[in-house]
Amino acid sequence: MVAIPVQRLDSDVSLPSYAKSGDAGADLVANEDVTLAPGGGRALIGTGIAIAIPRGYAGFVQPRSGLALRHGVTCLNTPGLIDSGYRDELKVLLINTDPSEPYEVQRGDRIAQLVIQSVEEVIWEEAEQLDETERGQGGFGHSGR
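The sequence shown lines up with residues 5 to 149 when you count with the numbering used here.
It should be emphasised that the hints constitute simulated quantities derived from the structure, not laboratory data. These numbers come from a predicted model, not from an experiment. Mixed in with the good hints, there may be bad ones.
Simulated DEER-style distance windows between Cβ atoms [claimed, not checked]:
#: 1; residue 1: Leu19; residue 2: Leu73; range: 51 to 59 Å
#: 2; residue 1: Ser25; residue 2: Glu130; range: 25 to 33 Å
#: 3; residue 1: Glu36; residue 2: Gly140; range: 46 to 54 Å
#: 4; residue 1: Ser15; residue 2: Glu132; range: 39 to 47 Å
#: 5; residue 1: Val119; residue 2: Arg46; range: 36 to 44 Å
#: 6; residue 1: Arg46; residue 2: Ser15; range: 27 to 35 Å
#: 7; residue 1: Glu36; residue 2: Asn81; range: 12 to 20 Å
#: 8; residue 1: Gly89; residue 2: Arg111; range: 51 to 59 Å
#: 9; residue 1: Glu136; residue 2: Ala7; range: 40 to 48 Å
#: 10; residue 1: Glu105; residue 2: Ser15; range: 46 to 54 Å
Beta carbons: idealized from backbone N, C-alpha and C, even for Gly.
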């Protein structure tokens, strides 16, 4: 388990929290009221917190499945990557895909999930040729339905 320092930028905002023990994603809440227009309305919504992810880790902002299922609201830049050096307010880019109904985000609503994962820094080594694999160059749609 890794400790992540969290700074409240608004004293009333909730800290990230897990709905159930063992969950991978901690809920992030909106720190402002926003109306997402139907048919693609989007907004960058502040969470009122900043975090200090340690080197060797990264944060990944993921959509909440219930918002997508019930309202057609999801994160536009998924996953949203938070690098370990970032120290500003966490913000979530939401989009309303419902063609006819606006969606009201209210301050305190759970709007996304934050997953913290260990990540490797790599050394990129230029190669004249890559090793052969069974898959080879098969890309998009290569494995069938």
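Right, here's what the structure says about each hint:
Distance hint check: the CB atoms of Leu19 and Leu73 are about 26 Å apart, inconsistent with the given range 51 to 59 Å. Between Ser25 and Glu130 the beta carbons are some 46 Å apart, a value that contradicts the proposed interval 25 to 33 Å. For Glu36 and Gly140, the Cβ-Cβ distance of about 49 Å falls inside the hinted range of 46 to 54 Å, so the restraint holds. One distance hint, 39 to 47 Å for the beta-carbon pair Ser15 and Glu132, is violated here, with the actual separation near 58 Å.
The hinted window of 36 to 44 Å between Val119 and Arg46 is violated, with their beta carbons roughly 22 Å apart. Look at Arg46 against Ser15: about 28 Å separates their beta carbons, and that is inside 27 to 35 Å. In this structure the supplied range 12 to 20 Å holds for Glu36 paired with Asn81, their Cβ-Cβ distance being about 18 Å. Between Gly89 and Arg111 the Cβ separation comes to about 28 Å, which falls outside the hinted range of 51 to 59 Å.
In this structure the supplied range 40 to 48 Å holds for Glu136 paired with Ala7, their Cβ-Cβ distance being about 44 Å. Between Glu105 and Ser15 the CB atoms are about 33 Å apart, so this pair departs from the stated range of 46 to 54 Å.
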